[in-house]
Amino acid sequence: MVHQLSLVSSIPHSQYLQTISSFKVLTGLLQPQPISTYSILTKPNHIFKPKFEPGKINQIEQYYMKCNTTWSDTDIDLNNPIIKEDNIIVSKLFTNDGENERVWTLNISDIPIAGKNQQVCQQQIYESTLIHTSDSFLTFLLDLGYEVKNQYWLKGIRFFYGDIIIEIYKVFIRDDQDGEGIDGIKLKLLDESNQFQIKCYINIKNSTEIESINSGIKELVKLQEYLKNLFILEIPDRMYMDSRLKQ
Amino acid sequence: MATTTAVLLVHNATPDTILQFHDQLSNELPITKGRWNFNFKIFRNNQYSIPQNQPELTESKESKFLYTLSPSYLIDSTICLINNKSSGVFTNSIEEEVKELGHSHELTIPNFHLHLGATTGLNDKFDFFTHSKLQSLWLQRQLIKGDGGQIYELENGNLCFRTSNVFLHGNFRGLLIQIEINIKEEGIDLEEKFNRIKNKYNIPDGNLCCDVINSGRFDKYGDLCLQYSKILNF
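As you go down the protein sequences, you meet chains S and C in turn.
Be aware that the first sequence starts at 1, since it is given in the numbering used here, and climbs by one per residue.
Be aware that the second sequence starts at 1001, since it is given in the numbering used here, and climbs by one per residue.
Note that these hints are calculated values from the structure, not bench results.
There may be inaccurate statements among the hints.
[What the hints assert, rightly or not] Among chain C residues calculated to face chain S with C-beta under 10 Å, some are:
| no. | residue |
| --- | --- |
| 1 | 1061 |
| 2 | 1073 |
| 3 | 1091 |
| 4 | 1129 |
| 5 | 1134 |
| 6 | 1148 |
| 7 | 1149 |
| 8 | 1150 |
| 9 | 1151 |
| 10 | 1152 |
| 11 | 1156 |
| 12 | 1157 |
| 13 | 1197 |
| 14 | 1215 |
[As the list claims (entries may be wrong)] In silico DSBU-like links for lysine-lysine, alpha-carbon gap of 30 Å or less:
| no. | chain 1 | residue 1 | chain 2 | residue 2 |
| --- | --- | --- | --- | --- |
| 15 | C | 1193 | C | 1061 |
| 16 | S | 92 | C | 1193 |
| 17 | C | 1099 | S | 49 |
| 18 | S | 149 | S | 51 |
| 19 | C | 1064 | S | 149 |
| 20 | S | 43 | C | 1061 |
| 21 | S | 246 | C | 1099 |
| 22 | C | 1061 | C | 1099 |
| 23 | C | 1198 | S | 66 |
| 24 | C | 1064 | C | 1099 |
| 25 | C | 1200 | S | 49 |
| 26 | C | 1145 | C | 1064 |
| 27 | S | 205 | C | 1145 |
| 28 | C | 1033 | S | 43 |
| 29 | S | 205 | S | 49 |
| 30 | C | 1198 | S | 49 |
Each residue gets a CB set at the ideal place from its N, CA and C atoms; glycine is no exception.
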């Protein structure tokens, strides 16, 4: 279980080069690490009807689950804004893609901690990584009790600043309108204004490590203060981060 | 060359049978590969999770099982088997961390999976994940533990015995013997092959299982978990 502390922001594309220059100076990292992931969002394929007994609180919830793998993207250049004519095509993942088996990380997160005086977003994340299946991954997922609902691709870079990971990225979704007749899946930006999302976070191994959590919060707040002239780091709305299924 | 396994449980093993078997194996001058233990968990479908095509039900009529097997020799890894047909192997070890420690693990998460951002690198074991977050689907029913295990390698590394005492709720339930062989030829009669080994090494009687999920394609981990599920069916 990971206890994640985070703050988020977004910048227009025009601010990208200036922002990464600032991060290079701040972190001393001249070559940021590329990030490139493909995620499918899944939902339990059963209806949950827990029995309500008087005096007994039902604590079992159904959760959406995210399954993450890597994406060997085509030649997207983050320095340039992405336009419709860019024609970003990804190959279909679930066709036979060679000898190397794809690795999938199953991820379920709790709703962030509530409270008026939170300085950063605090959330518990559970992850388990599947490196081999006897059948296809989708068959495994189905037998586990999950079905695919949606998918997205993420492409960006990240910097490391002490324990803080700073990610700058764009999110892509399937472009169903223009996707006819091509071999593969055509992508488009989720946010067509070409904004970058920014997420600054610290992962702490366990939510019982109170000291690490407290010092992590201080670190993030310091970073927030340091960057305030570039962009404002904020706490995301926790209601949008609730992965429980509504009954 | 493929690796295949069989698992056998000696139900009414006494300290004598166990000692005797260990003595016999020692006479074969095996290479001892240290100690091991395992956890085997049995989950059953949550009866209040109803198949989507039967929304009128208040309780599911399905009976499904999910098993997890974590042998200590597969460090930080868990094998999962669902409904005796779908299996998966989970691990927490990242390739580069394992290398740094100088260990050699057969199961690791490749570095690029971490570097490109698909995992935080702080993974939970799959049985814990299931128990924590998939309770609407699967409820843990049984925990079977293997303790005090020994590993013996014979026949130039082509045969490996792993023995372990099996406990359920702290009570001794038998001696488990896991046999692992390397086979070169295809399409051999596995049962006959394992019975020959059983006779040769004078393995005490028990219910031997060498079932596989798909006889057309061996899956060494999934098959092993299937065999555990068959013999640890108390």
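query: Under the criterion that the straight-line Cα-Cα distance not exceed 30 Å, is the pair residue 1200/C, residue 49/S satisfied?
result: violated, 55 Å
For residue 205/S and residue 1145/C, compute the direct alpha-carbon distance and say whether it is at most 30 Å.
holds, 27 Å
*Does residue 1129/C pass the interface hint, meaning its C-beta sits closer than 10 Å to a C-beta of chain S?*
holds, 4 Å
Return the status of the interface hint for residue 1149/C: holds when the least beta-carbon distance to chain S is below 10 Å, violated otherwise. With a minimum Cβ separation of about 24 Å from chain S (threshold 10 Å), the hint on residue 1149/C is violated.
*Holds or violated: residue 92/S with residue 1193/C, Cα cutoff 30 Å?*
violated, 43 Å
Is the interface hint satisfied for residue 1091/C? The criterion is a beta-carbon contact with chain S at less than 10 Å. Status holds, d = 6 Å.
Classify the hint on residue 1134/C as holds or violated, based on whether any CB of chain S lies nearer than 10 Å to its CB.
Since chain S brings a Cβ to about 7 Å from residue 1134/C, closer than 10 Å, the hint holds.
* Taking only the CA atoms, is the gap from residue 1198/C to residue 66/S under or equal to 30 Å? -> violated, 46 Å
inquiry  = Let's test the interface hint: is any C-beta of chain S closer than 10 Å to that of residue 1061/C?
reply    = Not OK, violated: residue 1061/C not within 10 Å of chain S, min 12 Å.
Self-check item: Straight-line alpha-carbon gap residue 1145/C to residue 1064/C, limit 30 Å
Solution: Cα-Cα ~22 Å, so holds.
inquiry  = Just to be careful, I want the Cα atoms of residue 246/S and residue 1099/C compared with a cutoff of 30 Å; is the pair within it?
reply    = Cα-Cα ~44 Å, so violated.
Restraint check for residue 1064/C with residue 1099/C, where alpha carbons must lie at most 30 Å apart
Between residue 1064/C and residue 1099/C the Cα gap is close to 39 Å, so the pair fails against 30 Å, i.e. violated.
Hint violations for this structure: numbers 1, 2, 6, 7, 8, 9, 10, 11, 12, 13, 14, 15, 16, 17, 21, 22, 23, 24, 25, 28, 29 and 30, all remaining hints satisfied.
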